Amino acid sequence: MDLSYGEELESFRKEVQAFLADNWPPKDDGNRDDQTRAFRRKATEAGYLNRHIPKQYGGAEQPPDSMKGAVISEEFTKARAPMEPRGIGTMMLVPTLLERGEDWMKEKWVQATIEGDVTWCQGYSEPGSGSDLASLKTKGELVDGEWVINGQKIWTSSAMEADFMFCLVRTEPDAAKHAGISYLLIDMKQPGIDVRPLKQMTGSSEFNEVFFNDVKTPEDWIVGNRGEGWLVSRTTLKHERNGIGAAGQVVNLFNGLVKLAKEKKIDGKPAIEDASIRRGLAELEGYVKSHQYSGFLQMTKDLKGESAGVIQLMNKVNSTNMGNMVAKLAMEILGDDGVAAPDGRGIVGLASGAGDVDGLWTSQYMSSLGVAIAGGTANIQKNVIAERGFGLPRDAAAQRSK
Amino acid sequence: MDFDLSEEQQLLQETVGQFIENECPMARLRELFDDDSGYDPVLWKGLVEMGLAGIHLPADFGGSELEILDLAVVAETLGEHAAPVPFLGHALATESINRAGNDEQRARMLPSLASGEHLASVAFAEDGGVWLPEQWTLAAPSGTTGAISGTKEIVEFGEQADYFVVGLAGGRMAVVDRNAAGVEIQRYEGADRTRRLAIVTFENAECEVLENSDLETAGRVRDVGLVLIAADAFGGARKLVDMSVEYAKSREQFGVTIGHFQALKHQLADMAIDIEPARALYWFAAHALDHVPDEAVRTAAIAKSHLCDRYSRIARDATEAHGGIGYTWEGDTQIWFKRAMQNRVFLGTPRLHRDRAADLAGW
Numbered sequence: 025m026d027l028s029y030g031e032e033l034e035s036f037r038k039e040v041q042a043f044l045a046d047n048w049p050p051k052d053d054g055n056r057d058d059q060t061r062a063f064r065r066k067a068t069e070a071g072y073l074n075r076h077i078p079k080q081y082g083g084a085e086q087p088p089d090s091m092k093g094a095v096i097s098e099e100f101t102k103a104r105a106p107m108e109p110r111g112i113g114t115m116m117l118v119p120t121l122l123e124r125g126e127d128w129m130k131e132k133w134v135q136a137t138i139e140g141d142v143t144w145c146q147g148y149s150e151p152g153s154g155s156d157l158a159s160l161k162t163k164g165e166l167v168d169g170e171w172v173i174n175g176q177k178i179w180t181s182s183a184m185e186a187d188f189m190f191c192l193v194r195t196e197p198d199a200a201k202h203a204g205i206s207y208l209l210i211d212m213k214q215p216g217i218d219v220r221p222l223k224q225m226t227g228s229s230e231f232n233e234v235f236f237n238d239v240k241t242p243e244d245w246i247v248g249n250r251g252e253g254w255l256v257s258r259t260t261l262k263h264e265r266n267g268i269g270a271a272g273q274v275v276n277l278f279n280g281l282v283k284l285a286k287e288k289k290i291d292g293k294p295a296i297e298d299a300s301i302r303r304g305l306a307e308l309e310g311y312v313k314s315h316q317y318s319g320f321l322q323m324t325k326d327l328k329g330e331s332a333g334v335i336q337l338m339n340k341v342n343s344t345n346m347g348n349m350v351a352k353l354a355m356e357i358l359g360d361d362g363v364a365a366p367d368g369r370g371i372v373g374l375a376s377g378a379g380d381v382d383g384l385w386t387s388q389y390m391s392s393l394g395v396a397i398a399g400g401t402a403n404i405q406k407n408v409i410a411e412r413g414f415g416l417p418r419d420a421a422a423q424r425s426k
Numbered sequence: 002m003d004f005d006l007s008e009e010q011q012l013l014q015e016t017v018g019q020f021i022e023n024e025c026p027m028a029r030l031r032e033l034f035d036d037d038s039g040y041d042p043v044l045w046k047g048l049v050e051m052g053l054a055g056i057h058l059p060a061d062f063g064g065s066e067l068e069i070l071d072l073a074v075v076a077e078t079l080g081e082h083a084a085p086v087p088f089l090g091h092a093l094a095t096e097s098i099n100r101a102g103n104d105e106q107r108a109r110m111l112p113s114l115a116s117g118e119h120l121a122s123v124a125f126a127e128d129g130g131v132w133l134p135e136q137w138t139l140a141a142p143s144g145t146t147g148a149i150s151g152t153k154e155i156v157e158f159g160e161q162a163d164y165f166v167v168g169l170a171g172g173r174m175a176v177v178d179r180n181a182a183g184v185e186i187q188r189y190e191g192a193d194r195t196r197r198l199a200i201v202t203f204e205n206a207e208c209e210v211l212e213n214s215d216l217e218t219a220g221r222v223r224d225v226g227l228v229l230i231a232a233d234a235f236g237g238a239r240k241l242v243d244m245s246v247e248y249a250k251s252r253e254q255f256g257v258t259i260g261h262f263q264a265l266k267h268q269l270a271d272m273a274i275d276i277e278p279a280r281a282l283y284w285f286a287a288h289a290l291d292h293v294p295d296e297a298v299r300t301a302a303i304a305k306s307h308l309c310d311r312y313s314r315i316a317r318d319a320t321e322a323h324g325g326i327g328y329t330w331e332g333d334t335q336i337w338f339k340r341a342m343q344n345r346v347f348l349g350t351p352r353l354h355r356d357r358a359a360d361l362a363g364w
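Those sequence lines, one after another, are chains A and B.
Mapping of the first sequence onto the working numbering: position 78 corresponds to residue 102, and the numbering continues sequentially without gaps.
Mapping of the second sequence onto the working numbering: position 296 corresponds to residue 297, and the numbering continues sequentially without gaps.
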């Protein structure tokens with residue numbers, strides 16, 4: 025067991041640190057968005073961001089190196105410098121296009137997406153097709169060289185602002201369930217698309233319903249062949265796995281909680297002096313450290329080209345669980361301040377802004393629930409662990425519908 | 002970055018696991034579980050022949066000079082098999098002598114312990130949850146030799162041990178021969194029948210104080226113990242998850258194996274999610290004891306608390322997953338369930354060590 029990074033990586037770390045010291049935070053008072061964009065471009069040129077994307081499409085085109093990825097992620101997180109935009113376009117559409125898209129698609133969209141010039145939304149879920157996604161019903165028909173799309177999507181994040189949607193559409197009505205779906209790209213700024221925000225419990229509206237009424241898209245705006253949409257949607261590039269960096273966020277969240285416990289009072293004394301809070305924090309730390317060191321283990325297995333086993337299937341539920349535990353303990357610490365609305369505005373009229381922090385934590389309390397549901401509910405993730413991880417039989421109902 | 006066991010460590014783990022599987026399969030474990038002593042001298046002798054009695058001791062005294070992580074992966078394997086052997090007490094007693102004895106004491110005492118000729122255990126706990134070196138009350142003699150008086154509880158394999166390392170006031174530690182005058186050993190019926198307990202009373206019993214013993218060396222022994230228990234807990238909890246998955250694949254109800262049912266799938270997944278990442282926690286805690294001194298003490302406390310709580314939870318869930326049979330003496334999960342109970346208490350409860358971790362963090 026050797027937890028050092030070695031000389032080469034430590035000198036790489038120094039390079040990253042020097043780059044960050046020179047470039048982040050920006051020294052002038054310009055527009056923050058412009059500064060972030062300029063910084064990302066520089067960081068990509070230096071080889072730190074968009075590492076797996078070819079240079080011709082605006083990336084850094086670096087060979088996969090999980091350890092370098094980890095060092096970059098660690099240093100950027102420490103400096104609170106922006107990494108790649110975490111949008112659905114960069115995370116899902118770009119890898120899919122790079123692996124399955126036509127060259128003209130890559131030229132048209134990859135660079136524009138990673139630089140934030142165009143944004144995307146994902147049209148997968150439908151009102152009747154959540155976890156049973158392959159039962160989706162939105163129809164696409166080829167009429168005179170154009171796809172004509174009718175139907176409805178739901179839980180569509182950022183549909184209001186997005187320029188385009190990548191969408192799963194049933195184009196082969198006679199084919200079997202999974203084989204009848206195509207992966208289409210759709211211009212969101214056209215007549216026939218009706219986006220209606222869904223207000224969520226935190227008060228913000230990140231999701232929308234999207235209605236298609238004779239929406240058009242060119243025949244060649246299809247990724248993969250007709251009927252291959254299901255497979256295309258499951259395409260993932262081999263990314264550098266940033267297990268350590270991801271754990272860094274959990275560690276930051278935990279440290280924030282400790283800070284909160286030092287600031288808030290229970291019975292007139294700092295909450296952190298309360299026995300149950302102290303023990304709660306120490307218990308939570310057991311989970312946080314397990315997660316953190318499991319990141320080392322998964323990284324090591326990755327470097328050796330070995331599978332880390334069932335633990336890889338658990339990362340999402342684990343982060344979800346920890347988010348919930350942090351939020352619950354935060355509510356214990358907040359006490360009566362746990363009534364704060366989650367909009368971060370705090371107490372109206374209080375100049376000190378004392379309530380701001382409370383709102384952030386009540387927001388965390390609610391949004392940790394959103395994380396548990398988004399991208400496959402924790403219940404579905406547990407099925408995956410039991411079926412793929414333990415080899416237990418598939419659910420009888422799910423088997424019947426195949 | 003290489004956060005994984007070495008090939009040697011994996012081989013060690015496999016070899017020990019294979020040996021226990023051969024020598025102490027379920028039927029044999031059941032026999033020992035119902036037996037009076039709960040101790041398998043043949044199994045222990047075999048493990049001693051593999052070098053386990055002195056794995057971490059200097060080569061000069063017959064040891065193998067391996068690291069705490071090596072000890073810990075062995076502890077995981079013993080926990081996985083609920084092996085009824087006096088490994089923990091012996092490892093901690095020899096660690097005490099090696100760390101706190103002077104050169105002459107080490108050279109005299111360690112060889113017969115490293116070879117397994119003699120068996121040692123630790124007598125640390127006092128009535129009222131007293132485990133920590135800072136809390137020990139038995140008055141230490143002023144010189145190297147002298148007599149001690151007082152009672153120690155929860156001494157693992159106290160009936161079998163030839164020597165006890167006894168915790169004394171001020172973090173001093175002394176070695177007592179079981180046959181010395183004034184030593185009374187009384188069986189204590191613990192729930193865990195794989196690691197039997199005794200209460201040991203010393204009445205003006207002759208002892209030899211380990212010359213360099215102090216709060217620091219005693220703290221080191223405690224931390225090694227915390228990590229070994231965490232490792233044992235990981236092995237046991239993992240085993241319970243596996244047993245439950247196997248049961249879900251074989252037991253039929255309503256015409257299908259119960260593994261078809263989502264409620265059970267989720268229960269099993271939750272158990273695994275709870276324990277699987279904690280392997281890395283005990284590995285790091287063990288590694289830290291040899292290589293990351295700044296983090297070792299706190300991490301040992303957190304690892305012990307965390308793993309013991311996880312083990313207790315999984316022991317309950319696994320037993321429940323087995324239905325009625327799980328609640329019977331005949332059922333197997335109870336063996337690990339009870340081992341989890343002892344792990345939770347031995348060297349201090351999760352609550353005790355979480356309080357320490359909070360103090361150490363400056364909270």
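Some clues are possibly wrong.
Derived pair list, reagent style BS3-like, types lysine-lysine, alpha-carbon separation capped at 30 Å [said to hold, decoys possible]: (1) Lys66/A - Lys161/A; (2) Lys46/B - Lys340/A; (3) Lys325/A - Lys250/B; (4) Lys38/A - Lys328/A.
Worth flagging that the hints you see were computed from the coordinates, not collected in a lab.
Here the structure is a predicted model, which means the values were calculated and not measured.
So, going through the hints one by one against the coordinates:
As the CA atoms of Lys66/A and Lys161/A are separated by approximately 44 Å, the hinted pair breaks the 30 Å bound. For a cut-off of 30 Å, the pair hint linking Lys46/B to Lys340/A is broken: about 45 Å separates their Cα positions. Straight-line distance between C-alpha atoms of Lys325/A and Lys250/B comes to about 29 Å, which keeps the hinted pair within the 30 Å bound. Between Lys38/A and Lys328/A the CA atoms are separated by roughly 25 Å; this keeps the pair inside 30 Å, and the hint holds.
Hint compliance for this structure: hints 1 and 2 are broken, all remaining hints hold.
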